[in-house]
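> Here are the chains, one letter per residue:
There are 2 protein chains.
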Amino acid sequence: MPAANGMPNSAHGPQKSCFPLSLDNINPKVKEAQYAVRGEIVIRAKEIEDEIASGKSDKPFKTIMYCNIGNPQQLGQHPVTYFRQVLALCDYPELIESGKAEGVFPSDVIERARRYLAAMPGGTGAYSDSRGAMVLRKDIAKGIEERDGFPCNPDFLYLTDGASQGVHAMMRLLLRDDKDAILVPIPQYPLYSATLALYGGHLLPYYLHEETGWSLSVDDLKSQTYKARSEGRHVRALVVINPGNPTGQVLSVENQKEILEFCRDEGIVLMADEVYQANIYKQGKTFTSFKKVLSQMDSKDVTLASMHSISKGFYGECGRRGGYLELMNVNPDVVSEFYKLASINLCSNLNGQICMALVMNPPREGEPSYKLYAEERQSLLDSLKRRAIKLHKTLSSLEGVTCTEPEGALYAMPQIRLPKAALEAAKKTGKAPDFFYCKQLLEETGIVTVPGSGFKQEEGTFHFRTTILVPEKDTDEVAKRLVKFHNDFLAKYGEPEQ
Amino acid sequence: MPAANGMPNSAHGPQKSCFPLSLDNINPKVKEAQYAVRGEIVIRAKEIEDEIASGKSDKPFKTIMYCNIGNPQQLGQHPVTYFRQVLALCDYPELIESGKAEGVFPSDVIERARRYLAAMPGGTGAYSDSRGAMVLRKDIAKGIEERDGFPCNPDFLYLTDGASQGVHAMMRLLLRDDKDAILVPIPQYPLYSATLALYGGHLLPYYLHEETGWSLSVDDLKSQTYKARSEGRHVRALVVINPGNPTGQVLSVENQKEILEFCRDEGIVLMADEVYQANIYKQGKTFTSFKKVLSQMDSKDVTLASMHSISKGFYGECGRRGGYLELMNVNPDVVSEFYKLASINLCSNLNGQICMALVMNPPREGEPSYKLYAEERQSLLDSLKRRAIKLHKTLSSLEGVTCTEPEGALYAMPQIRLPKAALEAAKKTGKAPDFFYCKQLLEETGIVTVPGSGFKQEEGTFHFRTTILVPEKDTDEVAKRLVKFHNDFLAKYGEPEQ
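Residue numbers (our numbering), protein chains in the order written: chain F, 1 to 498; chain H, 1 to 498.
It should be emphasised that the hints constitute simulated quantities derived from the structure, not laboratory data. Please note: incorrect hints may appear among the correct ones.
Claimed, not checked - Sample of chain F residues with no beta-carbon within 12 Å of chain H, all distances over it, derived:
no., residue
1, K222
2, G400
3, S453
4, D476
Said to hold, decoys possible - Partial selection, computed: residues in chain H whose CB lies under 7 Å from chain F:
no., residue
5, Q73
6, G125
7, R176
8, V330
9, V334
10, Y370
Glycine included, C-beta positions come from ideal geometry on N, C-alpha and C.
Throw the hints in and build the complete structure from the sequences for me.
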């Protein structure tokens, strides 16, 4: 094999002006888009991880703790057994056909895989309908009906490679030019700012009120909408993330109703990001879907796109990339265009499609797998709750830090008041002050978080987002590292500003 | 459960002007994009299929034969056993941990799954690096090195949900506005015209020469490029599909070298769609990757994006959605932007990633699974070859039809000369003449094909594309139906035009 093909050198070495692509001539929208959840701090964390692995690290820690992203199984969370059993049989049906699955897999697992395979010609190896396999959409529709108590038509369900793909599709459908604006909560999940940048739309911010538990005020939606319109913008859609990411609040039905009325009155599409619907921790709080609230209202003329995912909840099947988008109240000719858009991507992956159906239609009481499934679910949800409470307590104990209690989702979003000297030091590095803090946190402790600036935040405030996903056996150690880091930081830079 | 939530009615019934979205206010680029492979004829085929299933059909056939799309397992092709075994164990590692896999799965399957799981924290349940899991990219790099005899750096491999996602990412990176043009072969795979429409670029056509086996002339590339430049366009990239889709030709190394020289001299990025690299049928023809040809050239300054997929070849794992894109000769700051773009989508699905690694690094001679793997591969490739030859013979026998011999890929693309009366009848329906032919073919025989107009074609010529994937047990019957239909069509509309 020849020693050089020009590739590693040319792509890693000094820039060669003879290559046609440069930062000056690629699509500027790509440069504009930012995604802090996998940004500079994570890239640095991977470098440190490599240094540790190759024995070249002088860091006082041996492991990197990835708290930047809701990726529970990466941190050791066990998958739901039933899901994996059905998936394995769908991937390798020979185990059923040969009879080898008997005795190794519970009978309801075999039955489920058999039912899916019988209704999907080519099984997991064939492209399905662009919206997803009908047998799976029917199971999901059943789950949605049981959740809400209202009918669900599988013709309006689109199975997607994670909820992100649903967001992409909606942005693609809605955005014509930079006069088109979408209302996005601040702080926001950066997928929204990134896709708005990529599709060339305008991010119209509405601020969540941290002092009242990151509450959402419809008056803010109105004032932002009217202001934007007076500036010539078309407000196409409103994004609501419930439970909130990164903010963790759970909306009340009363609030949801107001939001829907706002959308109806203003002719604005509601994009409901409901991927954390199974993650509720606070006593007395419950998740209610926007679809349910809308279905209960007298006037139902709101166009709604509701999105869900297999990546979150207690199941956390991130790597499988499954999700759905349900359309409601869309004209048939627009539905046809959305269907065509899905067809250009052929279909989402079948393994993720199946897992989405299992999430929405899990084992039932009386079925052989139910007991284990219910135990796993309870144990995972209890553990997430304990961790949310403990993390909130630790963060609240830090000097200069206030942390809204996470009612749901997988994150805490503390506000940090930073010492003046730290603000000045950050300024010198050309980075946002919370980036400066999070970067040092990584270098000193191996804990990876995301600076609040990556989510956008109210001017003059600083935050960071951390997941609640540190394994329970490690939470004490991580809390200790975090407290020590914070105290050292204050010792170095002085008392926080008030 | 309340009987109505407004949804099925409102989305299926008469249009209600109160919904905010209409064809007049959605993104016009979505309306412009077309994807005939899953267009109107397929939607009609599904209707007929439903009618047959519910006993309401009066058609003279009992099954729909989907020859519109390269989806082999949908038509009964058996998956490669080794791939499915490894996938099942990766989805449900408990089989390994409990010892239950022993004796049921070959030892090299267990070993492979163990190796992958050990190197992927969280296994198939966790997001991987945005480019794909390193252990899998390393296996793929190894396969590319063995294929080409030149080094492959896994840092420049991006694992994607099928090759389509790689095309999307390149279009996104390259296209700034409608002055940016991309050279696309005509006939083309409609993913290219669709993504160009969606991302707002200009499709700059170069025509393949049907009379010389759909050959590619670099003179055409030059004249189109110079003409486009004189009109103020920026020619950013050249798409080459090798082996060709829908055209089936396999390029010679000499031709590939000329193409690369053209790209180098003109500063044009080469997008090499090489998803049919394992599908070669014609004696004496072999697949050579553009990367290999480029690596052998004196001057290697060509920016190349080479794309591959698990959906085609003899494995045909369409539903799994796996693929890769390899970048070569790209400046590091542009690579960083491409990496960021991948990060916004988090990662491709792990099941598809694993399958791509298995395709590129299959069992080796001497390993327990090798014999069965080699048998399955040979048997599938032999069968595809027999079916390509037989289909070509059938199509060539039809009056007024000429069909270039498919040297590779999964399709035949016959040219049909239509009777004058048929052209007139088509005109009355407002549809392209080849659509008119394919639509009747479906209605009369249940065979689903794609009209040549969906791929674009030389003005005044008519074609259709059919896959070679009809199962061998059915090829005689399908050929009989096709011949009868064609003869009846001519009997009805008269002799074809010359």
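> Taking the earlier hints as the rules, which of them does this structure contradict?
10
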